[in-house]
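**Q** Chain by chain, the residues run as shown.
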Amino acid sequence: MKRLSHWFLSLLLVASVLPSVSATETEMDTVTGIEIGKRGGRLVVPALGDPKSFNIITSNDSSSSDILGPVYDALVSYDPEKKKILPALATSWEHSDDFLTWTFHLRKGVRWNDGEPFTADDVVFTFEVLYDDTIINAARSIVEVKGQPFDVRKVDELTVEVKLPAVYGPFERAIGVPIIPKHKLETPHREGRLQEMLNVGSPPEEVVGTGAFKIKSFLPAERVVLERNPYYWKQDEKGTRLPYLDELVFLSIPDLDAWDIAFESGKTDTHEVYPQKYKRFKKKESEGNFTIYELGLALGDSHIWFNQNPGKNPETGDPYVAPHKLAWFTNLNFRKAISHCINRPIIVRNVFRGRAEPIFGPLSPSMGKWFNPNMPRFEYDLDKSRALLDEMEYIDRDGDGVREDPQGNKITFTFITNSENNIREKIGIILQESFQEVGLEGKLKRVDFGSLIVAIQDAFDYDACLLGLTGSDYPLGGLNVYRSSGRTHHWHPSQKEPATQWEARVDGLIEDFLAEPLEEKQVAIWHEIQRLYAENQPVCWTVNRNVYEAVRNNFGNVRPILPRPRVRWNAEEIFVKQ
Amino acid sequence: MKVYILRRLLQVLPIFVLVPFFTFLLVELAPGNVLDSWKLNPEIPDKLIEQKTEELGLDRPWYERYWRWVKGVTLRLDLGYSSANKRPVAPIIRERLYNTFILALLATLIEWSVSVPLGILSAVRQYTWVDKICSGIAFLGLSIPVVFLALLALLFAKVTGWFPVGGLRSIDYETFTTWGKFCDILHHIILPALVLAAAGMATYMRQMRGNLLDQLGADYLTTARAKGLSETVVVGKHAVRNAINPLITLFGFSLSGLLSGSVLVETVMSYPGLGRTVVEALFAQDEYLVVAALLMGTVLLIVGNLIADILLALSDPRIRLR
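Protein chains in written order, with the working numbering: chain A, 1 to 578; chain B, 1001 to 1322.
Calculated directly from the structure, the hints in this document are not laboratory data.
Predicted, not measured: the structure shown is a model, and the values here were computed from it.
Hints are supplied without guarantee of correctness; some may be wrong.
As the list claims (entries may be wrong) - Derived contacts from chain B toward chain A, CB cut-off under 7 Å, selection only:
id: 1; residue: P1031
id: 2; residue: D1036
id: 3; residue: E1043
id: 4; residue: P1045
id: 5; residue: L1048
id: 6; residue: E1050
id: 7; residue: A1090
id: 8; residue: R1094
id: 9; residue: I1110
id: 10; residue: P1272
What the hints assert, rightly or not - EDC-like, lysine to aspartate or glutamate: derived pairs with alpha carbons at most 16 Å apart:
id: 11; chain 1: A; residue 1: K38; chain 2: A; residue 2: D246
id: 12; chain 1: A; residue 1: K496; chain 2: B; residue 2: D1046
id: 13; chain 1: B; residue 1: K1039; chain 2: A; residue 2: D448
id: 14; chain 1: A; residue 1: K445; chain 2: A; residue 2: E425
id: 15; chain 1: A; residue 1: K234; chain 2: A; residue 2: E35
id: 16; chain 1: B; residue 1: K1052; chain 2: A; residue 2: D260
id: 17; chain 1: A; residue 1: K216; chain 2: B; residue 2: E1174
id: 18; chain 1: B; residue 1: K1052; chain 2: A; residue 2: D448
id: 19; chain 1: B; residue 1: K1158; chain 2: A; residue 2: D260
id: 20; chain 1: B; residue 1: K1039; chain 2: A; residue 2: D458
id: 21; chain 1: A; residue 1: K234; chain 2: A; residue 2: D29
id: 22; chain 1: B; residue 1: K1158; chain 2: A; residue 2: E287
id: 23; chain 1: B; residue 1: K1047; chain 2: A; residue 2: E144
id: 24; chain 1: B; residue 1: K1052; chain 2: A; residue 2: E196
id: 25; chain 1: A; residue 1: K216; chain 2: B; residue 2: D1172
id: 26; chain 1: B; residue 1: K1039; chain 2: B; residue 2: E1054
id: 27; chain 1: B; residue 1: K1158; chain 2: A; residue 2: D257
id: 28; chain 1: B; residue 1: K1047; chain 2: A; residue 2: D260
Glycine is no exception: its CB is placed at the ideal position from the N, C-alpha and C atoms.
Okay, chain B solo, but in the shape it has when bound (with noise of 0.2 Å):
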């Protein structure tokens, strides 16, 4: 397992080196660059714009800034700088990380624990009330847009009163106590959290509802009926744990999935996360910052899939890795 573990890390490396090459190409190919802003407002002078592309390398091709960059990372450990933003790129993918990779938990809990219960049972109930609701359910989170539910959620927050009109945090949070804190954050947290799994909830649900059927029909259940074994024991034991390993596989790309389909929960939410990052140093051509957010997008990507890859292993014996 350790071997396989070190194996696949070792694969990600050409990863790391290919995915900044391409963003910073990209950046490069579209045009203007992260002054175009300052040259629009007659009271900054052309000097200034002058010694600032200089500063950049923005005069400079742009595979030296991506050599300059991958000095930096590899010897001193330095993502670059954010020149929108004025500071070093690390300290504010840090802040934004930690704040998106708990919106992303939450929501991934919340798909989880609703999804594959509603999937099971309306498998087991195929056909009845129970399982036509449950589908109706699935089809509205599916075909409905990410922002149109967003703003949904606003104006839900807004008339009902019970949730905070986006935000992460009340202004009064630093006087809060421990518990206060936490209470607040899930309280702000809740809504975004909803609205981001509710995609994901209704694909897991289908795949869920699908995989059982199959596996309800199969010969080996009928032996285990037979055998006298309570219908609890055949489903929960024997047919769920068959069915559920392609979930596993596609929970390994919902964690960077989340972080896409964040951007514009959080941009219409105002949460302070790590998608927003991305768009809002995208429309600034901000190239560090882009790059180092994608970066870490990918590490999630890997990350995720190795977790499904140890978590196949463990749930079913049959799968080895080596």
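Only chain A is shown next, with the shape it has when bound in the complex (with noise of 0.2 Å):
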């Protein structure tokens, strides 16, 4: 026992002598460009859900990545805001010249936040486990090429070696996968252990990373707290280590209107305005002391797309989708009618208060150089719709308003959205009245979120469907959406083949990605597959809405960004004004 207490002793002195660890012996990264902040205070943002898991690697909603992203680091990290890698865990690295071997120096005197020193074995052990078939992880179909995964070799303990089995376009992002401590985790992974431990229930100390804070407690439905990181890697231009907040605190409020009044009563700091009640806010900033920001059109959008899936019910032998619908939704010029009846202004108008735009392709215009501007767009022209519908004589021969196709099919169809969104809910309304418009009977059904998925995802008993993606900066994350084997390739997924000439070149166009190093070449392939998409119009795009931030004044270098997290992107730079 008396042992027991005198090893408890020196852990406590240890603990408390390890966070003045001197800068020196960690190789720092300096932040310059920010204002000079002080250390202390904290930042309350609201969260809608608690976070799922504490474990990194198994998780995949983003309740727990919101938590977890600010307590790990990657070897490099992308700078949303200067739109380019930089160094993290990793200093510098180089490639050889057929892009085949990447050499990563590793950041000297990086330690966990449990005081254990960083080194390359963390970084092979990484790997080893997102590559273990025992380990169900999303990462993994990112850090593949081809199927095949990185062979990641330890050079010595500040070098790592990472051959690739063929180019990888995307590598300098991909790589960027969260670190996990060998030394925490090696034994529970040799057991077998890993894929469940670290649940929300495990205490905070357990879950080890780099990243500027670390968990300090949680509270189930109230909220969960992070705190200062001591070894953090970065530091100011005076040589003050980031970051400079005590506290990151993320308040759990699971109603969206209370979470307007836990703003205006001063609970939380940060808030995402909608248009809705943009003008609500706005007239209250300087009362509130807060900034509402403009960070541009959202990345994410709501469409509308056609069950093209010519496939038939197994059990029953039936079609999918009655053969003369299957005519009118695989017939581009019914689409393109579609595209064009669609009352993009009102909804901007009547759903966005005027805070929003109309979208025509598949990536969002505030993709930077990613998104193409030379698409073609089938934009709101009622004439133009009609004109399609007649020449395709679709047109009303018995006089009841609604037209008929040349085998005297109404043409009639319902398309279903989730009843819990009435953002949506609305656009669905406006649709319904601009089918109506050029004689369509488009009717909206409302279902539950399960049945929605059903539908789509399993049963593929439906006609059409309105549903909103959120988009990410970079298109990688969602190449399941374009490549025709896709699961949420969703007006026909995981087609063995690819149905059509354009699918087959969009999934050429992906290859091809995956495979050039250049980002200029990328970026060239992206504008075609956007091209492709648009001219084809596989989904009928509607408005992208107006993105807004408010942020209380008190807080220094809050520089919000489009990509979330939008105004914790920089969280160990933002710090309390005296």
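Could you use the hints to bring the two separately framed chains together as a complex?
**A** In structure tokens form, the structure reads like this:
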């Protein structure tokens, strides 16, 4: 017992001494061009739900990654503001001329937030875990080339060599997976416990990363508190170790109306202001001591697609889509007519109070150089829409206001949307009226989220669907939407062979992108993919909203950006002004 | 009495079998499953969804999963695993049940301590301005939906600044003294408890008033008055005691009623309770968590009714428990 208390005492001593470890031991990264701040204070941000897991490898919900993002670092990091790759756990790296061998030089003296040193072994271990077939994780498909893993080898304590089986275009973005601690996780991994360990009930000190923050406490349905990692490897120009903030608090508020009130009452420091509420908050800017930042058009959108799945139900043998409907939906002119009749100006005005813009392609205009501005646009034009329908001989023959196809089938279809989202419901109602304008009968049907997923991914027994997907600022994450074999290639998912020529062409372009190391050429490929999508209209896009974030004025170095997490992407630099 | 309680508890057993059975059936009948939100995420590979489906037994019929659950509960007292929260169900329920319980307790306390005296007052002073004001308040309490009242309470807290806007504990809670912690929780809980109590308060008040009015006209009270008993004793000791019986029966249901009423209050006022967990679990189709939470609700209903019956026997000597 005596020995135990002795041991415990020395542990306490170590714990109290280590945080003041001198900055000279670590090869610090000096952040330039920011306001010099002072340490202290906290930033409180709202969160809709609790984190589901503290296991960075197996978690794949946004509430968990919100919390774990600031706890872990990768070899390299992407700066969404300067739009370039920056050093993180690796200070420099170079590649062979054939882009197949990459050598990473690791930062000296980096420590995990429990004080243990970070070395090349941790990097090798991380990839070993990602490539382990028994550990289900979403990152794996990103760190593979043509289904083959990278060969990650330790050269010495601070050098890692990565050999690729083939050239991998997005490699520098893909290599940015969070690095996990070998000293903590090797034993659980060997015992096969890694998959299920680190649930949200585990002690916070077990969650060990090299990031700016570490988990201090978690109260389910109340809040998660992150605190400063005393070993973090960034400093400001005066030599103060970052982060400035003592704490970063995620306050659980499950109701969006309550988010408004929480921000207005000063409980939270940041708040996303939806276009419908922009005016209300703008008026309160000075009184509430906050500023609303305009971040540009959202990366995600609301779009409608028609079910083009030619398959049959394996049990009953009936086609998923009635043949005459499939004939309409697979007709490009029909889809063009639909896009022409969508009353986007009304959606912008009525649903978003003018704070949104029409969209005509798969990528958001706010993706900068990746966005192709010269795509065909099938804008709101009822005459063009009617002309296209007339040309296909979809004409109202019996005078009831609804057109019939040449075989005499009334053109009537239902489109589903999930009832939990009232913005999308409003868009759906406008679409319904738009279709009526040109003599089509499209009926909106609200279903719950579960039924929607079953319809579009299992049963395929629907006509059309209105839905939104969230986008990212780099097209790597969405490949399964664009690929014809993807599960989320919704209008005709999981194709064995590309059904159409243009889809085959897109599949080929995606392979080209994956094999293209030069970014300018990657951009050109994506411009081509967007053109093909816009021309073939597998999806009719509607509008993207403007994104606004309100932040209290008493914080420094607040520079919100569009990709999530919008305000706290540079949380280590944010400080409380005196 | 002991035999009675034992027998009552035995009668409960079939309920414990049936509630989970129907819950499983209902969750199964609802389209989709717990992996729905993954399926819409393009970054999650098909392989992962297939593996997880198999692991959770989602590709098997629901009665197999039900049977697995029954075996777990009876043999190992294991309530199952919440796949949406990636952890066992038991600790999740434990955390939340306590919070909901103290909220319900405080709400009940408010309900009774306000509604019974006011009900008596408005019965004794029938048709006076006191009675009219009380009735007016009661009708308001009955007719305003709880969601609206909860939002109103939040606005009230925001405008006046007297109460915290939602939550259960301040961020600095850990640094407070024990007394400070107690006050902090009370400060947070009072508004949701009031909102939750509002509807029940109105019901009880009307019930109390009506029952007491029935009694006040009864012959035995005239006799009591004729014997020269003071009005306080007549009403307080004789009339109220007879009038309160139906309220005690109502109390038995109120425990579980508070649990379901708290769903809305907990969501709007960001209160970390069981009701919110049930709703979130239902939306996520997290069946084991739904079953466990509903089971807890059932336990509360049964215990509440049992307590009410015992209380009834204590307050009314005419009732015997056998």
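**Q** It remains to establish, for every hint, whether it holds in the given structure.
**A** Here's how the hints hold up against the structure:
{"no.": "1", "hint": "P1031", "verdict": "4 Å, holds"}
{"no.": "2", "hint": "D1036", "verdict": "4 Å, holds"}
{"no.": "3", "hint": "E1043", "verdict": "5 Å, holds"}
{"no.": "4", "hint": "P1045", "verdict": "5 Å, holds"}
{"no.": "5", "hint": "L1048", "verdict": "5 Å, holds"}
{"no.": "6", "hint": "E1050", "verdict": "10 Å, violated"}
{"no.": "7", "hint": "A1090", "verdict": "10 Å, violated"}
{"no.": "8", "hint": "R1094", "verdict": "10 Å, violated"}
{"no.": "9", "hint": "I1110", "verdict": "22 Å, violated"}
{"no.": "10", "hint": "P1272", "verdict": "3 Å, holds"}
{"no.": "11", "hint": "A:K38 - A:D246", "verdict": "10 Å, holds"}
{"no.": "12", "hint": "A:K496 - B:D1046", "verdict": "14 Å, holds"}
{"no.": "13", "hint": "B:K1039 - A:D448", "verdict": "15 Å, holds"}
{"no.": "14", "hint": "A:K445 - A:E425", "verdict": "9 Å, holds"}
{"no.": "15", "hint": "A:K234 - A:E35", "verdict": "14 Å, holds"}
{"no.": "16", "hint": "B:K1052 - A:D260", "verdict": "37 Å, violated"}
{"no.": "17", "hint": "A:K216 - B:E1174", "verdict": "11 Å, holds"}
{"no.": "18", "hint": "B:K1052 - A:D448", "verdict": "23 Å, violated"}
{"no.": "19", "hint": "B:K1158 - A:D260", "verdict": "11 Å, holds"}
{"no.": "20", "hint": "B:K1039 - A:D458", "verdict": "10 Å, holds"}
{"no.": "21", "hint": "A:K234 - A:D29", "verdict": "5 Å, holds"}
{"no.": "22", "hint": "B:K1158 - A:E287", "verdict": "14 Å, holds"}
{"no.": "23", "hint": "B:K1047 - A:E144", "verdict": "15 Å, holds"}
{"no.": "24", "hint": "B:K1052 - A:E196", "verdict": "12 Å, holds"}
{"no.": "25", "hint": "A:K216 - B:D1172", "verdict": "13 Å, holds"}
{"no.": "26", "hint": "B:K1039 - B:E1054", "verdict": "15 Å, holds"}
{"no.": "27", "hint": "B:K1158 - A:D257", "verdict": "13 Å, holds"}
{"no.": "28", "hint": "B:K1047 - A:D260", "verdict": "40 Å, violated"}
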